[in-house]
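Trainee: Residues per chain are reported as follows:
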Amino acid sequence: MKNINLQGKKTTRHGFGEALVELGEKHDNVVVFGGDITGSVMTSFFQKKFPERFFSIGIAEQNATTIATGMALSGKIAFFSSYSAFAAFRNADQLRVSVCYNNANVKIGGGHSGITVGPDGATHQSLEEVSFLRALPNMTVVVPCDYNEAKKATIAIGEMYGPAYIRFGRSSVPLFTTDETPFTLGKAEVFREGADVAIVACGLMVWPALLAAEELKKNLGIEARVINNHTIKPIDGETLTKAAVECGCIVTAEEHQVYGGLGSAVAEVVVKNAPVPMEFVGMKDRFGTSGEPEELLEKFDLNWQAIYASTLKVIERKNNGNCEYRPLTDIPKYEK
Amino acid sequence: MFNEIDCNMNSNLQFSKVQFPNEKRVATGYAPIALEIRRDIVKMLTLAKSGHTGGPMGLADFMAVLYFGKFMKYSANEPQMPDRDRFVLSGGHLVPVLYSCLARAGFFEPDELSTLRKFGSRLQGHPGLDTELPGLETSSGSLGQGISIAVGMAMADKLVDHNDRKVFCLTGDGELEEGAVWEAAMAAANFKLDNLCWIVDNNDCQIDGRVRDVMSIYPLAEKFEAFGCNVIEIDGHNFEQIVNALDKFEQNNKNKSGKPTVIILKTFMGQGVSFMQDKYSWHGIPPTEEQAEMALQELK
Numbered sequence: 001m002k003n004i005n006l007q008g009k010k011t012t013r014h015g016f017g018e019a020l021v022e023l024g025e026k027h028d029n030v031v032v033f034g035g036d037i038t039g040s041v042m043t044s045f046f047q048k049k050f051p052e053r054f055f056s057i058g059i060a061e062q063n064a065t066t067i068a069t070g071m072a073l074s075g076k077i078a079f080f081s082s083y084s085a086f087a088a089f090r091n092a093d094q095l096r097v098s099v100c101y102n103n104a105n106v107k108i109g110g111g112h113s114g115i116t117v118g119p120d121g122a123t124h125q126s127l128e129e130v131s132f133l134r135a136l137p138n139m140t141v142v143v144p145c146d147y148n149e150a151k152k153a154t155i156a157i158g159e160m161y162g163p164a165y166i167r168f169g170r171s172s173v174p175l176f177t178t179d180e181t182p183f184t185l186g187k188a189e190v191f192r193e194g195a196d197v198a199i200v201a202c203g204l205m206v207w208p209a210l211l212a213a214e215e216l217k218k219n220l221g222i223e224a225r226v227i228n229n230h231t232i233k234p235i236d237g238e239t240l241t242k243a244a245v246e247c248g249c250i251v252t253a254e255e256h257q258v259y260g261g262l263g264s265a266v267a268e269v270v271v272k273n274a275p276v277p278m279e280f281v282g283m284k285d286r287f288g289t290s291g292e293p294e295e296l297l298e299k300f301d302l303n304w305q306a307i308y309a310s311t312l313k314v315i316e317r318k319n320n321g322n323c324e325y326r327p328l329t330d331i332p333k334y335e336k
Numbered sequence: 001m002f003n004e005i006d007c008n009m010n011s012n013l014q015f016s017k018v019q020f021p022n023e024k025r026v027a028t029g030y031a032p033i034a035l036e037i038r039r040d041i042v043k044m045l046t047l048a049k050s051g052h053t054g055g056p057m058g059l060a061d062f063m064a065v066l067y068f069g070k071f072m073k074y075s076a077n078e079p080q081m082p083d084r085d086r087f088v089l090s091g092g093h094l095v096p097v098l099y100s101c102l103a104r105a106g107f108f109e110p111d112e113l114s115t116l117r118k119f120g121s122r123l124q125g126h127p128g129l130d131t132e133l134p135g136l137e138t139s140s141g142s143l144g145q146g147i148s149i150a151v152g153m154a155m156a157d158k159l160v161d162h163n164d165r166k167v168f169c170l171t172g173d174g175e176l177e178e179g180a181v182w183e184a185a186m187a188a189a190n191f192k193l194d195n196l197c198w199i200v201d202n203n204d205c206q207i208d209g210r211v212r213d214v215m216s217i218y219p220l221a222e223k224f225e226a227f228g229c230n231v232i233e234i235d236g237h238n239f240e241q242i243v244n245a246l247d248k249f250e251q252n253n254k255n256k257s258g259k260p261t262v263i264i265l266k267t268f269m270g271q272g273v274s275f276m277q278d279k280y281s282w283h284g285i286p287p288t289e290e291q292a293e294m295a296l297q298e299l300k
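Each protein sequence line maps, in turn, to chains B and S.
Quick note on my numbering: the first sequence kicks off at 1 and runs consecutively.
Quick note on my numbering: the second sequence kicks off at 1 and runs consecutively.
Everything labelled a hint here was simulated from the structure, so no lab data went into it.
The beta carbon of each residue, even a glycine, is placed where N, CA and C say it ideally should be.
There may be inaccurate statements among the hints.
To be verified - Derived DSBU-like pairs (lysine-lysine); straight-line CA-CA distance at most 30 Å: (1) K192/S <-> K26/B; (2) K118/S <-> K49/B; (3) K48/B <-> K192/S; (4) K256/S <-> K49/B; (5) K242/B <-> K187/B; (6) K256/S <-> K48/B.
Claimed, not checked - Simulated restraints on C-beta separations: (7) K9/B <-> M215/S: 24 to 30 Å; (8) T131/S <-> E159/B: 26 to 32 Å; (9) G39/B <-> T131/S: 20 to 26 Å; (10) D247/S <-> A122/B: 36 to 42 Å; (11) A267/B <-> S216/S: 45 to 51 Å.
What the hints assert, rightly or not - Quick look at which bits of chain B chain S covers, simulated, 3 or more residues with Cβ under 8 Å: (12) 16-27; (13) 50-59.
Go ahead and model the full structure; you've got the sequences and the hints to work with.
Mentor: This is the structure we're talking about:
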């Protein structure tokens, strides 16, 4: 592992908020738009430091997104951040036509994402936006794994030209990368070497992927390659194809619906270049519910144990032959 | 590039070569320019065999004043001129009138108007910035978005860059049924955007019928006033009133009134052609070749 050690816990939104200030210091054309919940998504740091470049638009995500487009078409690097349930759905048409069709330099910060927003319940648990956003031409989509990576990713999307989305969360999550951990937009990083199975994860599922790999090694001597696939789009086809060829089977893990997110993006690459058995860890076509983040992650099988189990299943399929027919009874039935 | 596009050119539908570059503006008077724009619209739509005819026809008079009067600063030779004023077309389906203005202003050759809506054309059915068509400021087509883009541009000019550029934005009246439009109105007043001129084409026609029947947006002037805008209601086919309204916007901007200007243009859909005039059925259809001939007979 490259510089991967648990250093405690911290939120990814802190990384986003602090990076905006850094970007503001470096580039005087960075402007930020608030949608009322600026303290929650930590754009308030930027507001405090650069009040003349911060604009409150109120509870109006469609307007904020499109005003940001107007600013971007006037040469600004325009960030708009709110909860991803609103900043990447309510404004879907605006993202498609105003932001992406104009190829405007607009960055969306999607806060309080995923099931771990917790007690707020299903309305606020955005689990679908990656699927929508990665289908938009010109859009870049990044899902950082911890505070440090959120910081690097925010700066990276600020310094590239074009529409981009960064996803971050509400609750504290393990902090395990450092300033030295490599990060390049569009480049998946191998966090742990191995060739028996590849676990491709993003966001807060990267840490449990590393835990699952350690357990696999300890209990069964299985060497799992763990890939941190922070950039969902553009996807790093090279690293993923190499993993498919060298490991022969893949498990993906994400805090998002299994339809259309990281797992789908990886499958698109794998099916085309090097078809191997795959298993998908993620939300299984259902809404969440209120609860504490840890309770919810366990309830919906978004933990190291779920990755571990999927890994054993996919290795078994690999050993039985890649193209084996799976009887219909083997398709998991999802409980209501 | 565009002359490779097959346009089935009928000789009656040839475009004139006349252009009205900066130095020749105003001097000719607005009427011949508006007439040329209407003739362009009829020809473009007929060749395209699809698209929106009525709305653009009703806007020819206003657009002739905006693009060929003294009010908007731009340069056809330098479309990206940093201190240019900007025109944002929010109702993307109205774009034939804009394409005609851009061609007649010298941004590109009028012949290219024959390529509207054709494969490979820079003149997309609804404007697309990816075509890099000179003079075009934004893509649009999904209603109710351009006005927020214009608000963003006006904020950049007034609140970030502190320059004296102006932003003009045109929406339809049916478009005001989109809720996001009122978010834009709220923001325009909230940020005191006196450098923003919002033009509403009030022909009371949308595809399904009269705006007042499909979903009433009235009372209109009172709504905008309540939002905090400086509202000017005029006859959209009267050049003097159009000039006066734009003059008032200029004053409003110079005096730093802190209020955005809304010009409500009372227009007729299909103005200039008797069989199109005030008929909402002409919103979303092109003329046939026979209808085009009749229309061009009237537009002389």
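Trainee: Hints first: check each against the structure and report whether it holds.
Mentor: Structure-based check of each hint:
1. K192/S <-> K26/B: Given that 30 Å is the threshold and the Cα spacing comes to 29 Å, the pair holds.
2. K118/S <-> K49/B: 50 Å, violated
3. K48/B <-> K192/S: 22 Å, holds
4. K256/S <-> K49/B: 28 Å, holds
5. K242/B <-> K187/B: The given pair, whose Cα atoms are some 13 Å apart, holds under the 30 Å limit.
6. K256/S <-> K48/B: 28 Å, holds
7. K9/B <-> M215/S: 24 to 30 Å: 51 Å, violated
8. T131/S <-> E159/B: 26 to 32 Å: Given about 27 Å between the Cβ atoms, the range holds.
9. G39/B <-> T131/S: 20 to 26 Å: The hint (20 to 26 Å, Cβ to Cβ) is violated, given that G39/B and T131/S are roughly 42 Å apart.
10. D247/S <-> A122/B: 36 to 42 Å: 55 Å, violated
11. A267/B <-> S216/S: 45 to 51 Å: 50 Å, holds
12. 16-27: Check failed, 0 qualifying residues.
13. 50-59: holds (count 5)
Comparing the model with each numbered hint stated earlier shows that hints 2, 7, 9, 10, 12 do not hold.
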